[in-house]
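Trainee: The lines below spell out each chain.
4 protein chains.
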Amino acid sequence: MISKEEFLKKLERGETRLHELENLIFESLGKGDDKWAEACSAASAVRLAFVEKIKSKKLNDIKTHFIDTAVKPGVVGIENQIGGAVTPLGIAGPIKITGDYAKGEFYLPAATNEAALIAGLSRGCKAINENGGAKTTVTRNWMTRAPVLDLGSAEKARELADAINQDEKFYEKVRAAADLESKVSKLAFIETFQIGKKVWLRFAFETGDSMGMNSVTKYSANAVKEIKKKFANAKLVALSGNMCSDKKSNHANIILGRGKSVEAEALIKREVLENVYRTDARTIEKINFTKNYQGSALSGTMGGFNANAANTVAAMFLATGQDAAQVVESSSCFVTAEDQNGDLYFSVSMPNLEVATVGGGTNFATAKECLEILDCAGAGKKPGDNSKKLAEIIAVAVLAQELNLLGALANDYELAESHIRMARGK
Amino acid sequence: MISKEEFLKKLERGETRLHELENLIFESLGKGDDKWAEACSAASAVRLAFVEKIKSKKLNDIKTHFIDTAVKPGVVGIENQIGGAVTPLGIAGPIKITGDYAKGEFYLPAATNEAALIAGLSRGCKAINENGGAKTTVTRNWMTRAPVLDLGSAEKARELADAINQDEKFYEKVRAAADLESKVSKLAFIETFQIGKKVWLRFAFETGDSMGMNSVTKYSANAVKEIKKKFANAKLVALSGNMCSDKKSNHANIILGRGKSVEAEALIKREVLENVYRTDARTIEKINFTKNYQGSALSGTMGGFNANAANTVAAMFLATGQDAAQVVESSSCFVTAEDQNGDLYFSVSMPNLEVATVGGGTNFATAKECLEILDCAGAGKKPGDNSKKLAEIIAVAVLAQELNLLGALANDYELAESHIRMARGK
Amino acid sequence: MISKEEFLKKLERGETRLHELENLIFESLGKGDDKWAEACSAASAVRLAFVEKIKSKKLNDIKTHFIDTAVKPGVVGIENQIGGAVTPLGIAGPIKITGDYAKGEFYLPAATNEAALIAGLSRGCKAINENGGAKTTVTRNWMTRAPVLDLGSAEKARELADAINQDEKFYEKVRAAADLESKVSKLAFIETFQIGKKVWLRFAFETGDSMGMNSVTKYSANAVKEIKKKFANAKLVALSGNMCSDKKSNHANIILGRGKSVEAEALIKREVLENVYRTDARTIEKINFTKNYQGSALSGTMGGFNANAANTVAAMFLATGQDAAQVVESSSCFVTAEDQNGDLYFSVSMPNLEVATVGGGTNFATAKECLEILDCAGAGKKPGDNSKKLAEIIAVAVLAQELNLLGALANDYELAESHIRMARGK
Amino acid sequence: MISKEEFLKKLERGETRLHELENLIFESLGKGDDKWAEACSAASAVRLAFVEKIKSKKLNDIKTHFIDTAVKPGVVGIENQIGGAVTPLGIAGPIKITGDYAKGEFYLPAATNEAALIAGLSRGCKAINENGGAKTTVTRNWMTRAPVLDLGSAEKARELADAINQDEKFYEKVRAAADLESKVSKLAFIETFQIGKKVWLRFAFETGDSMGMNSVTKYSANAVKEIKKKFANAKLVALSGNMCSDKKSNHANIILGRGKSVEAEALIKREVLENVYRTDARTIEKINFTKNYQGSALSGTMGGFNANAANTVAAMFLATGQDAAQVVESSSCFVTAEDQNGDLYFSVSMPNLEVATVGGGTNFATAKECLEILDCAGAGKKPGDNSKKLAEIIAVAVLAQELNLLGALANDYELAESHIRMARGK
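Chains as they are written, first to last, in this note's numbering: chain A, 11 to 436; chain B, 11 to 436; chain C, 11 to 436; chain D, 11 to 436.
Please keep in mind that the hints were generated in silico from the structure rather than gathered at the bench.
Incorrect hints may appear among the rest.
Which copy? The list can't say, so a pair holds if one copy fits it or any two copies do.
As the list claims (entries may be wrong) - In silico lysine-lysine, DSSO-like type, Cα no more than 30 Å apart, as pairs:
{"#": "1", "residue 1": "K392", "residue 2": "K166"}
{"#": "2", "residue 1": "K183", "residue 2": "K65"}
{"#": "3", "residue 1": "K238", "residue 2": "K20"}
{"#": "4", "residue 1": "K240", "residue 2": "K68"}
{"#": "5", "residue 1": "K235", "residue 2": "K45"}
{"#": "6", "residue 1": "K193", "residue 2": "K68"}
{"#": "7", "residue 1": "K20", "residue 2": "K73"}
What you are looking at is a predicted structure, and each value in this text was computed from that prediction instead of being measured.
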């Protein structure tokens, strides 16, 4: 067995590269299946020591917060791991929810660096609870990937699109290829978009409780291979052609759906608005119109017709092990606020919540525990049940936070004052 | 001194509320200034115990990853803390950078749940290094907040806008009010936008090395108070009017700037493209056009003319304690790829990198250490130097990741295969 | 019979209102069916005389260019007509087209005030002809209207959407209602979009050779009435809910189709680029990327990835009697320019050409004649044939004009010089 | 002198090309300055005869509606003219306006093929008049052109941008070059935008009463030539780089201004809403929110937060000789509707009205007369006065039409019924 110090020296001398450590240590440990996690952990420690040496600094926190992401022999979780990055985790709520999947009272785990966020979220929950809680429903649910092919001419490109849309036998072959390697996922439909000689094929899959990006990429690749049997001259330009569209602000996802589309709503009584927010329904309605619609329209947004949905989405994504980069489109949100004779009808529409309770970061340490707090860790009874439940809970949390921020803004300078007060005395 | 168990019972009986624990325990500890952190830590533990009891589950990881965010007596860091949320942290690079602020070789800390991300980032760094590294520069730098006021008529609204834009004495008063409470920040300019009887005032501040959202909110509030001395009938609709625009996809930030605007570029030689990516400059150029421009145009994006900038932005934001919700607009990115006689000119333009090295989550545990790895923890010699350095490094990391993904896509199915291979054998 | 002078005096004394003239004169003429056009013409003359008197100016041109738009007794064409507005009409081309519907050589009528437009269009046609002309195809064809209904709760709104999407019997009833009063038009499909308690129902109809806006509004109203039988509490907020979306820049039309989606393409040989434009394919490709994609991306466009498609669309819309306000979305256009070993692959994708050869202004005087020049006046052999032909011709004209403008821009200052030279010596 | 028949034969035999006729006939007439208009008219007639022969059809209306656009010897107005295209012209109003430039009562000339448009416009005017008319003001006024230059590297590109923004002497030289050939126009400012190695320079000019597109293109070209003296390696990619942005939907114009930015507003009393529209302020407010904001947000618009602004803009542009292609961005419009204790505050914000009273089509026949009806033909007392007046009038017309359409929509199916009723009995 080779010592950590020796591996460290190998790194320093350039004999070993950072990403080779897992396998080398695994070998040095004798390669037993049970040794893989140990090797990964040791590799992580050696790399961290290497960085500490280069920077002449101790990195104790990174070391302390290491978590085991080893998967199985030969497969690392995250490459070149050196430890963990930690974000403060708080709890808001509870909030009463009546959803298709989420039913009952939930405490909301939220990981954030931002003071006032959890306090605001809790206050929003309180206001909603006083009226019996929020209702929520999932209206769409699929994950997409859109390869782009170059057919050489618009005529040929159209032929391909027509074959997908009109030739049932051909479609069936493509569908079969798409579903071939899948256990849980199922192709739902394909949409075609053409620019000149190129066609984007937007594959939409139901992916159970996993977010599904990686698997649908593979399944789409399989479908493309099938397509190329018939369209031999089709050139695959890119397996992802940005009509998917992943991790970029975009409007296609809003129109066509990606991830879960969720509605959440509540009625807030006049007295509650007065007691909790010293305001009234008409004022909230006007702020929503002026800020979330006119202001956002002026800013040129796609789907950003809300006050701060991303805050809640990011905090709950971090807590529950979602892909933080998907906060970009998952935070698309349309707020409705309507004065109904003094009471406030309040809703959020979230067209693109890309969440999972299986796979990715959801299996790791604190993420798994946060999902357990929400009673939706792992696969649901029926595929998709747990991830839809999670989506409903997050939508309701956004509802609470949006209500709270509009309520705060109704009091002129409260936004500034509360942030400053809570943001550690700066 | 009251024991944890007793506080737990108080919570259960509803006698104490979750957010009251810090102060109650602080009192019970005798209120010494040195007791605050202890009180916060204990409060966190009690709350976690409470959640464990309700859910009948042990939440050991959340407990283990607790980090101390206590600020000073009476000021909690994050409300209702119960522990920490941990994300695997890896290291990519090194990458050679010649920037205005970032100079030298940097290892890139990246926190992510996504397999293949760090491997890809490292491969991109390697390709760039073989041509001498990347160049980078910061072209704009300010933080904005845009209150919206209702003047009652378009005529009056215009008067306010004109006063800001044309009345130098009035502007000077407003500026003085905006800068009154500030130590580091300085008002740079105000832009006005009108819809009917309402005016949005977009205040832009230079904020040193802090991200600045909270402070500019306060300073904008002060400016609004000054404005209302002259325009007594102006009604503040919302201190944030969504022309700021924070945490929503939007185009105003791209045009007008928010956070740091950074350019990063490199020339990739023909041989490197062949060796590292088995491809050539013309192929990369065409993928960039078809995917990042035509595909993104088809998807209806604002600023999402890239392959996956958000992945890198999110991973480095998480590592360095930035606001994860700001990944939304910070990941705006325009990629240029041009075949220059077989070599590849490659650049990314990132108009809105909202980053800090001071304040917010940057002081916490692992975030601080990650900033130290990048030699830019805390305030720079001149205000802003460190945060600009961080922005340059992140832009170069995005450059590397974008190059790598386009290179991978050039090999037909590699994207699918590498993700699957690396994503723990699903 | 009452004289024109008497009617004029009645107008002046306020005894008669401008829009009443047709009926009053019709009565005074004795109301024969054959008198209606005469009455309309006389009413127009009286109104013009009234305006002349008020302004103390002779308006001879408006009088000269009067055209008869009378329809049938009791139905005026355009209300309050006083004459006609004339735009210079020129002819470009001919251009060789191989389309699904347009086949042969076509002279292109174009109405415009802009010097250089027709010259540029002709030069583009010439370049395309030298390579055998352009190919074109129509890929989608429907007209849409999207009423929005308020269901009171998100739950109920979802029920309505589900009924449309999943309840075949209900859908069949709605379809029957939509098609009830239609002779030519046919409901193609309905798409549903939800925000909170509201649902937008996007009805798509095939409308033969008419543009179809007005008729689909009526048919959608009939469908809504049927829907309200089942959903009695559904409140119709607006029969047009802006998801249609008519006469506003928007991305939904691009994704979902509205009007005709047309592709047009041509290969331009190296020598032609040299001879006609003193440039080469690579230069055109780079201008297209930098201007039409990076520049347009920077400007924040929806569908404006072209140089000046609207110029050609507007000029041919005016010539052929289309709705000028629909230039807004009909001019959406994506240009592709690819250097293929020195030759240039060039295409335009126009997702939203809203054109007709029947109804609206297409029956009037010069419009009808321009349609005759294009051999597509009136209804086609099969419904839709003529309007698709027109759409193909316009798309090819756009192709020619785009090619020409990029070619002009390749010569540095030619754009400025040619406009100035041609724009009457200013 | 050569006869028309002979020229016709020359065309048929291919000896003469269509665009050569003006000069050939001019020569045949002896070339006197007074012969140019005659030559242009004859050339037009010969070309029309040629088209008639080819198509074997008489085109009498095109001939009848010919208008003289000849400019001066050697300069044609519109190339290849064959006659005129006519659109029915009606008159709406009068409407009372209190603007900065438009003061008094105005009849509104509108050219359109759409039944119900003028009736609706008139009804809107009536409702506004009953409350004393509309107020309006012009808040911004400039025309822009944005060349794009390639500097080879981001560093160099930044240098250019910095020189424009910070080097006063250099800026002064560029300004002088921009203004050198101008009589009326004046450079107002330059804004810079960077993507990688490229810089867009957005020149903004005040252009008096002309729309200014062509002249600012020339002046921008002059400025670029001056810039290239200092930045010799700067490559002009395109004199128009689509950040101008002309005739494409875009958000930059909304933020930065192009053409005239105009506000128009009115208060509509409760009784007027009841009498004219059988509705109330709250209903109008809710339709505006649901349709013009939520619906438009859902549709993914840039600036299309209105019901049908383009209808009015197009109709008045056609009437007054504006550039019909500029309806695209000129119709950007944000509607505000607010219930104020039963009365309705109603406004439209039009950020981009690109209009002229001098040059282009404004000098021609009916266009000039329509401008005379509005008392704003030709140059104003001070440069810009007349074009601003026209912009104010159009904005108020849009105000009236928007009010009317929302009022019609408040009555469920009225939209469908009125269009059908008015649209000639189809």
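Trainee: Looking back at the hints listed earlier, which ones does the structure fail to meet?
Mentor: Going through the list in order, the structure violates hints 2, 3, 4, 5 and 6 and respects the others.
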